[in-house]
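Protein chains in written order, with my numbering: chain A, 1124 to 1282; chain B, 1124 to 1282; chain C, 1124 to 1282; chain D, 1124 to 1282; chain E, 1124 to 1282; chain F, 1124 to 1282.
Calculated directly from the structure, the hints in this document are not laboratory data.
Built from N, CA and C at the ideal position, the CB exists for glycine as well.
Check before you lean on any hint, since a few could be wrong.
To be verified - Covered stretches of chain F, as calculated for chain E (at least 3 residues, CB under 8 Å):
1) 1199 to 1209
2) 1275 to 1281
To be verified - Beyond 12 Å from chain F on every Cβ pair, some chain B residues (computed):
3) D1149
4) F1163
5) K1185
6) L1195
7) D1234
8) S1241
9) Q1271
Residue strings, one per chain:
Protein chains: 6
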Amino acid sequence: TATSQNRQDENPKDERFLVIEANIDDQTPEIYGYIMDRLFAVGALDVWLTPIIMKKNRPATKLSVLAAPNCLNKVTEIILQETTSIGMRFYPVARAMADREFIVIGLPWGDVKVKISSYQGKICNVAPEYEDCRKIAEKSGMPLKVVQQLALKEAMSVC
Amino acid sequence: TATSQNRQDENPKDERFLVIEANIDDQTPEIYGYIMDRLFAVGALDVWLTPIIMKKNRPATKLSVLAAPNCLNKVTEIILQETTSIGMRFYPVARAMADREFIVIGLPWGDVKVKISSYQGKICNVAPEYEDCRKIAEKSGMPLKVVQQLALKEAMSVC
Amino acid sequence: TATSQNRQDENPKDERFLVIEANIDDQTPEIYGYIMDRLFAVGALDVWLTPIIMKKNRPATKLSVLAAPNCLNKVTEIILQETTSIGMRFYPVARAMADREFIVIGLPWGDVKVKISSYQGKICNVAPEYEDCRKIAEKSGMPLKVVQQLALKEAMSVC
Amino acid sequence: TATSQNRQDENPKDERFLVIEANIDDQTPEIYGYIMDRLFAVGALDVWLTPIIMKKNRPATKLSVLAAPNCLNKVTEIILQETTSIGMRFYPVARAMADREFIVIGLPWGDVKVKISSYQGKICNVAPEYEDCRKIAEKSGMPLKVVQQLALKEAMSVC
Amino acid sequence: TATSQNRQDENPKDERFLVIEANIDDQTPEIYGYIMDRLFAVGALDVWLTPIIMKKNRPATKLSVLAAPNCLNKVTEIILQETTSIGMRFYPVARAMADREFIVIGLPWGDVKVKISSYQGKICNVAPEYEDCRKIAEKSGMPLKVVQQLALKEAMSVC
Amino acid sequence: TATSQNRQDENPKDERFLVIEANIDDQTPEIYGYIMDRLFAVGALDVWLTPIIMKKNRPATKLSVLAAPNCLNKVTEIILQETTSIGMRFYPVARAMADREFIVIGLPWGDVKVKISSYQGKICNVAPEYEDCRKIAEKSGMPLKVVQQLALKEAMSVC
Ligand code: NI
Ligand code: NI
Ligand code: NI
Ligand code: NI
Ligand code: NI
Ligand code: NI
Ligand code: NI
Ligand code: NI
Ligand code: NI
Ligand code: NI
Ligand code: NI
Ligand code: NI
């Protein structure tokens, strides 16, 4: 069936990724934005922070990175050098992804790229690009949420 | 030993499960309750949400689903169609579970099912069912916490 | 009525308290436990931490202190000297409290103080003291939750 | 100016509300949903939960209620009887609200009420009612997010 | 005494501020960064986000703004037009602030402004400016945490 | 290269660990501190708590334990007997760790052990031990953060 073919496509051996995580209890929160930027710069696919509680009433942060296995060394190096963490753990994950293509729709104030995602040949999400909408909001003075709504409305008429 | 037998029981090959996760930064929080209901309806064993922080100061949500491997296709379909996420990751987990049986205890306002859990032949938890207690609280006007305490007290006298 | 008398009792002018708060984005989480101890030591009635998100993707912490107005100077001094915060805000709050008295119940492994709270002459909560239960759990090897359940069961039979 | 008139409208003396809060560290999380329902039933305007950290490594919950002052007694009674909290604090807040009116738009699968909010005579938000959209999603099998998007698109064409 | 004078300085009538808050359960998290920028641009002194749980299993966000009272209209306008919130609440807070002055210390890679804060005539915090340290880290390739440590070490030798 | 040798050192077969997790929605938060202590006592390498949201508006807690595989039975036993959880899941993780050695630096009020961590032969973190600094802060009355800063400054001059 289409479903089982799809599952095969999604999980070939070479589409394995790693989640790399460190629990950090002794670092100023000020520098996480910089660390996230550096991790994206070496190829991290996603970086996120989770508030956690560690021993001795510490409101700590779990730093998580999703990356391809060939990024592990670079991610390790950044975490050990830029954070106060002296160790991290990692485990493999598979991924299931929708297919994506882009269209461009024109609004009176400029163009917006729109990501059209499909699963098993059926559109499953329509998402105007955040940065394009933000630029129009800043230029036009319109609320950003309205720019997003107008772009979505336009894209829904097209696709 | 009992312990090692127990461990064998808990982790046979066919008791592997999946944790399926998506980081979601562009969806209205309004609809997570509905999505959780839909995921439970297709057989998810547990569904939970974690507040996370993603790039660009986004207070995002990690959606996590625990499910048997044969649920993966249905869970994938719901996540891709019902959320704004266009991808998810998943990894296998083993489970260790206590043995469970149920007794019914009678309170003046109605019956309450009580879950008695055991580990290595020894009771490890006694838990009155939430929905039974809630119904009695609503009917009787008693505080729900008191209904739970009375049911627990009764069950502890019995088991 | 009893209700309106009760409300008068609860909110006389001299029962006003302060909530004192600081958003902290540049301090190691390691030392919050110590800071909490110091705040309790100068008379804080409660101290709690809330995970928040500040500008530039900072997973910061809001430190909150509930204290009587005559504690404000001491709390201010501790926050400014022990944390990296250089400012705090505060606002007055009223409090509504249940009446409390204590009983002592005997378990086979030792005594447990139990706090009986009442509102408008009616018992509203029965709570075995955590530290008493913890000591029995440590001494007896019983699970702490079971000690709490046994103490609660015993107290419910008495009051 | 319109602005200052508006501010007067928003903050007359009789539009003061209370935020009533309790830090709860010794209650099963199971029953918060029930407690929220009970608080809304006596007139609470909003109820929300915040994860906090209290002394001794306790991952506690702050329960917050927004209510009119004449609800204080009922809210106090529910918190003291239904939760394990034996005290709460409260403080007055003013509110600034947009004006709201409702329209109904027709989708092929049913009607959806849409809340049109305005500030200073200008539309500031267009929000299809969640429950109406949910019912259509359940009946039609369409994703809830798509029902919301279609309802929003329709409403934007009208207002 | 110095203390009481200090308290008078800190809380004159014209140093009252407002905390303005909205619970938001139906907005894409994507745009909070933009909203925070806009709020700072009209004079907000601080903006922060707190993960909260609202009815119907919604992982919502509380938006909080600290601002002078004369900013209320502008903050109200931004919240109502840029977020999906249709109402907010606010309450007055006083502030206690340390005195602040700045020194500049020279590192081999550039200058760093350092904020020296004092309370009652005694230094209570020494904080190298984040942006200055970040620029040096980017230019030199040194870890940002090391730049901060070197700047702090240098400043401690001077003041 | 040094890098690949290092990676081999870090991930030999016998350096695999487990993350063991339970979602807990029906336990008093009061006892997590005790449970964490018990888990560390049987050899857990790290224990942390994450605020999560489960079905029916439950502000629950995810308990996570990092442990060597030979600790699994003891960790399982503690979780099943001390918490209300009746099941847990676990998955293997690898670890990448910096090399660590300790130096002792003398402050006027006492000695402080300092952990010097290195990655690929290069120092990547310098961290005064929390408990040593806390003792000096308590004895001397100096702010803990200042003791940490002085110890760090001293250690940076040495290594
Ligand atoms: Ni550490
Ligand atoms: Ni995006
Ligand atoms: Ni996205
Ligand atoms: Ni249950
Ligand atoms: Ni700061
Ligand atoms: Ni207590
Ligand atoms: Ni308590
Ligand atoms: Ni709504
Ligand atoms: Ni709403
Ligand atoms: Ni700063
Ligand atoms: Ni359960
Ligand atoms: Ni440490």
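Going through the hints against the structure:
1. Check result for the stretch 1199 to 1209 of chain F against chain E: violated, 0 residues qualifying (beta carbon to beta carbon below 8 Å, three or more required).
2. Taking a C-beta to C-beta cut-off of 8 Å, the stretch 1275 to 1281 of chain F contributes 3 residues in contact with chain E, enough for the three needed, and the coverage statement holds.
3. Non-interface call for D1149/B relative to chain F: holds, since the shortest CB-CB distance, roughly 19 Å, exceeds 12 Å.
4. The claim that F1163/B lies off the interface is violated: its Cβ sits roughly 7 Å from the closest Cβ of chain F, which falls inside the 12 Å cut-off.
5. With 12 Å as the threshold on Cβ separation, the claim that K1185/B sits away from chain F is violated: the shortest Cβ distance comes to roughly 9 Å.
6. No beta-carbon of chain F comes within 12 Å of the beta-carbon of L1195/B; the shortest separation is about 16 Å.
7. The beta carbon of D1234/B is kept farther than 12 Å from every beta carbon of chain F, the shortest such distance being approximately 20 Å.
8. Residue placement check: S1241/B does not keep its beta carbon more than 12 Å from all beta carbons of chain F (closest about 9 Å).
9. With a cut of 12 Å on Cβ distances, Q1271/B falls inside the contact zone with chain F, its closest approach being about 9 Å.
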